[in-house]
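Trainee: As given, the protein sequences belong to chains E and G, one line each in that order. For the first sequence, our numbering begins at 1 and goes up steadily by one. For the second sequence, our numbering begins at 1 and goes up steadily by one.
Just so you know, the hints here were simulated from the structure itself, not pulled from any lab data. Note that the Cβ used here is the ideal one computed from N, Cα and C, for glycine as well. Be aware that one or more of the hints could be misleading.
[Stated by the list, open to error] With a straight-line Cα cutoff of 20 Å, these simulated EDC-like cross-link-like pairs (lysine to aspartate or glutamate) come out:
| no. | chain 1 | residue 1 | chain 2 | residue 2 |
| --- | --- | --- | --- | --- |
| 1 | G | Lys-241 | E | Glu-47 |
| 2 | G | Lys-108 | E | Asp-53 |
| 3 | G | Lys-108 | G | Glu-21 |
| 4 | G | Lys-241 | E | Asp-16 |
| 5 | G | Lys-107 | E | Asp-53 |
| 6 | G | Lys-102 | G | Glu-151 |
| 7 | G | Lys-61 | G | Glu-25 |
| 8 | G | Lys-107 | E | Asp-16 |
| 9 | G | Lys-98 | G | Asp-16 |
| 10 | G | Lys-108 | E | Asp-24 |
| 11 | G | Lys-107 | E | Asp-60 |
| 12 | G | Lys-61 | E | Asp-24 |
| 13 | G | Lys-96 | G | Asp-16 |
| 14 | G | Lys-241 | E | Asp-53 |
| 15 | G | Lys-84 | G | Asp-16 |
[Claimed, not checked] Computed list of chain G residues with no C-beta within reach of chain E, every gap over 10 Å:
| no. | residue |
| --- | --- |
| 16 | Arg-40 |
| 17 | Gln-95 |
| 18 | Asn-258 |
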Amino acid sequence: MTFVVNDKCIKCKYTDCVDVCPVDCFYEGKNMLVINPDECIDCGVCEPECPADAILDGNDPEAAKWIELNTKFSTIWPVITEKKEPLTDAEEWNGVDDKLKLLSEEASQAA
Amino acid sequence: MNIITKPASTETKIPDGVFQETVLEVQHYTETLFKFRTTRPDGFRFRSGEFVMIGLMIDGKPLYRAYSIASPAWGEELEFYSIKVPNGPLTSHLQKIKVGDKILMRKKPTGTLVIDALSPGKRLYMFSTGTGIAPFASLIRDIETYEKFDELILTHTCREISELQYGIDLVEEIKNDEMLSELLDTSKLHHFTSVTREDYKVCGRITDLMKSGELFKHLSLPALDPKNDRAMICGSTAMLKDTQLILEKSDFIEGANNRPADYVIERAFAE
Numbered sequence: 001m002t003f004v005v006n007d008k009c010i011k012c013k014y015t016d017c018v019d020v021c022p023v024d025c026f027y028e029g030k031n032m033l034v035i036n037p038d039e040c041i042d043c044g045v046c047e048p049e050c051p052a053d054a055i056l057d058g059n060d061p062e063a064a065k066w067i068e069l070n071t072k073f074s075t076i077w078p079v080i081t082e083k084k085e086p087l088t089d090a091e092e093w094n095g096v097d098d099k100l101k102l103l104s105e106e107a108s109q110a111a
Numbered sequence: 001m002n003i004i005t006k007p008a009s010t011e012t013k014i015p016d017g018v019f020q021e022t023v024l025e026v027q028h029y030t031e032t033l034f035k036f037r038t039t040r041p042d043g044f045r046f047r048s049g050e051f052v053m054i055g056l057m058i059d060g061k062p063l064y065r066a067y068s069i070a071s072p073a074w075g076e077e078l079e080f081y082s083i084k085v086p087n088g089p090l091t092s093h094l095q096k097i098k099v100g101d102k103i104l105m106r107k108k109p110t111g112t113l114v115i116d117a118l119s120p121g122k123r124l125y126m127f128s129t130g131t132g133i134a135p136f137a138s139l140i141r142d143i144e145t146y147e148k149f150d151e152l153i154l155t156h157t158c159r160e161i162s163e164l165q166y167g168i169d170l171v172e173e174i175k176n177d178e179m180l181s182e183l184l185d186t187s188k189l190h191h192f193t194s195v196t197r198e199d200y201k202v203c204g205r206i207t208d209l210m211k212s213g214e215l216f217k218h219l220s221l222p223a224l225d226p227k228n229d230r231a232m233i234c235g236s237t238a239m240l241k242d243t244q245l246i247l248e249k250s251d252f253i254e255g256a257n258n259r260p261a262d263y264v265i266e267r268a269f270a271e
């Protein structure tokens, strides 16, 4: 099982995970990142790095419902390989529950 | 006519954006364990304790696995310590490499078993099983580890005595090497070994030896305390989980690169 990103990432997008991923398997939407489950090697380094605790081990029972979203958007959004500034109001949104309704399906704009 | 099988690693064009390095030395320890050393690419930087993806071209395609770099950040060559998995997609080929063969290496080292992910402390415990000793083989050869901690405790637990040899040779080399022993205060380094499936001076899983207190008795050190102690864990999934539980019970907090704390863990990358 690979790792997945859940809705805690939405509107935060800290990107600390991107910096440590050895296989560059993070993909970037406008207000969320996802992991490509086919590329993730299950190394687990990203998980403790996330300031929003948004990365789950695939073996976590909570992870199952996020796999589809990660799979879908990792084929639509562009890959992100370098850390960048979090979204401007990331601190305010960090820890807010049930952010899925706030997900933007748009891809990120190239920097 | 003889059918000559070409080595898997050199047949096809290498993929873009990866290093191709030359094997300089191979040493087999047991039927299931070996180490090898390779050239180090110019400009390839890493922190002691990190891992990198290494691989071979197999059936025309690159196949990679994560490997801890066992050599220190200052080393001119790279060292890796590997298991041989029967029918393992990569290791069944990798175990046949010889001096002069090429291996592939992706360009991005990473990992959490780095000094940067720990807050300052007095003692550094490095708990390992099997090939999980590899990142610590790097750290115990790095001067920074000795500068940051008063004592370094490397524990290595394997099933059989012969599987401890890599670690035993390594520690002996560090203590006897003229340059290393001059640079590093090797009296700080303690090497604790135990085995689980043979008679040996210390028998048992590291987690049992921690719980019973036997480990600390052997080392003449007090029980774990987040005030003074820092820990790194690398081994099997079960060992990681159990060791982590013991640390959490003693109020150790997990650290990360961007949030240094009391302990860090990394999966051992067996196939």
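Trainee: Could you work out which earlier hints the structure fails to respect and list their numbers in ascending sequence?
Mentor: Numbers 2, 4, 5, 6, 7, 9, 11, 13, 15, 18 - these are the hints that the structure violates, sorted from lowest upward.
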